[in-house]
Amino acid sequence: MGDPASDGVMLGLGRSRLHGPVQAVAGLLLSLPATSLPHLSARHPYPATLHAALGAPLFGLLLLQICLGFFLKSHWLQTSRFRSLIQLAHSIIGKSFIPLSWLQILLGAVASLSFCYGDHLGQCLAHMIMGSAFVGYGVVMLSLMEFGKPWLKAHQLSPEYLDCCVITVWGVVNTFTEHGFFFSAGPRWTHKDLQHTFLGVIWASGGGLGIYLSRGGRRSVMSGLVIIVTGWAFQSHQQSLEISTRIHGAFGATLMAAGLVKIISVVRRAPAVDDHLPPPQPGLDPLDHLTPLLLTISGVMFMSATEEQLLLISRIGVDHATYILGQASLGCLLYLYINLLIHLYRRAVDARSSSGSVVPDQLLDGRGHDKEQESSRDVRYERLSLESFTDPQLDRPHRHSSSSSFDLNHHHS
Numbered sequence: 001m002g003d004p005a006s007d008g009v010m011l012g013l014g015r016s017r018l019h020g021p022v023q024a025v026a027g028l029l030l031s032l033p034a035t036s037l038p039h040l041s042a043r044h045p046y047p048a049t050l051h052a053a054l055g056a057p058l059f060g061l062l063l064l065q066i067c068l069g070f071f072l073k074s075h076w077l078q079t080s081r082f083r084s085l086i087q088l089a090h091s092i093i094g095k096s097f098i099p100l101s102w103l104q105i106l107l108g109a110v111a112s113l114s115f116c117y118g119d120h121l122g123q124c125l126a127h128m129i130m131g132s133a134f135v136g137y138g139v140v141m142l143s144l145m146e147f148g149k150p151w152l153k154a155h156q157l158s159p160e161y162l163d164c165c166v167i168t169v170w171g172v173v174n175t176f177t178e179h180g181f182f183f184s185a186g187p188r189w190t191h192k193d194l195q196h197t198f199l200g201v202i203w204a205s206g207g208g209l210g211i212y213l214s215r216g217g218r219r220s221v222m223s224g225l226v227i228i229v230t231g232w233a234f235q236s237h238q239q240s241l242e243i244s245t246r247i248h249g250a251f252g253a254t255l256m257a258a259g260l261v262k263i264i265s266v267v268r269r270a271p272a273v274d275d276h277l278p279p280p281q282p283g284l285d286p287l288d289h290l291t292p293l294l295l296t297i298s299g300v301m302f303m304s305a306t307e308e309q310l311l312l313i314s315r316i317g318v319d320h321a322t323y324i325l326g327q328a329s330l331g332c333l334l335y336l337y338i339n340l341l342i343h344l345y346r347r348a349v350d351a352r353s354s355s356g357s358v359v360p361d362q363l364l365d366g367r368g369h370d371k372e373q374e375s376s377r378d379v380r381y382e383r384l385s386l387e388s389f390t391d392p393q394l395d396r397p398h399r400h401s402s403s404s405s406f407d408l409n410h411h412h413s
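Residue numbers 1 to 413, in our numbering, belong to the letters of the sequence shown in order.
Think of the hints as simulated: they come from the structure by calculation, not from any bench. Given the structure is predicted, the values throughout are model-derived calculations rather than measurements. Cβ atoms here follow ideal geometry from the backbone N, Cα and C, with glycine treated the same way.
Ranges of calculated distance between the beta carbons of each label pair, as one might list FRET restraints:
1. Leu325 / Gln78: 53 to 61 Å
2. Leu311 / Leu336: 29 to 37 Å
3. Gly317 / Trp151: 45 to 53 Å
Given these sequences and hints, build the entire structure.
As structure tokens, this is what we get:
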């Protein structure tokens, strides 16, 4: 489950000195055998797959990232604009390892089971894309709760506003692509075409309403309500296999629970965006973790509910309850790994900026937390996690800039 490239990215975002060794040494130690061992056999037993085709470019991208890191570490061409371009490329390539690694892991799982060939490709793609979208939604939601408070306050936005924007866009795309591009598949509609198209309609409609209701930093329950309706619709889908119907029902119930918890977490808070999040250091409210956790579990469950997978499970005699428990366990492990990455980033930030000074009593809040320190953490998290690639400071590289290029907004004075 662990990925050294992602670990290196988190350390790089936190401007840790360890991000280079972790990404270079650990990444090479794991990637080199995986890339070279399949070619040692004269007669390769597996057909050509996208997973195998993507392996060599990913390894080359890792080598390029290491070379760029060595160049930045050497402090050559300190006053050159070329160095700024290298910093930008190093930062973009480093961040791209997270989605690329996720894609490669999914392709590896599919290739190992010889799934998603021929007529099954479209259905398999739909499950993988939709499941990954739910997992990504959970990751973004957790990241906003952990680090997004300063940015949300500065732009007078609520998390629900961003949720509804994404839901609306996804709904419009889904509406006009499920029955061919702009309904180009002809006049005959299957019940699945109708179901999926009207899911897009409710996403676009509910998301648009949510955008209006959550404007100006207001809180809204519309994103949670759309999630509940989506879960109910999937729970009602009739499938060709009994085990498929039951697993889709469990997936829908998990989504409905995620939407309900989302609504509860919105209603129990004050309506202003200022009160949305507790300070980063003491940790999130326990209820805050439940919605992204359930979204992660539902995403893993949906990715594991393709026709070929469920046919295989049915043939080997695994019942739906056992399979659902297994997928829920994978979802919990994935959410654990996401939290470990966030913790690694937080530790890297705090280790770099900790002063070790004693905090006077008058600077402590009612819970004993340092108010000034928490405020400064908010600023640091916003700067480090929401950096801009188009910062004008990139045109003026400093002589004593740090070797890390993940934070392009920060320079030593």
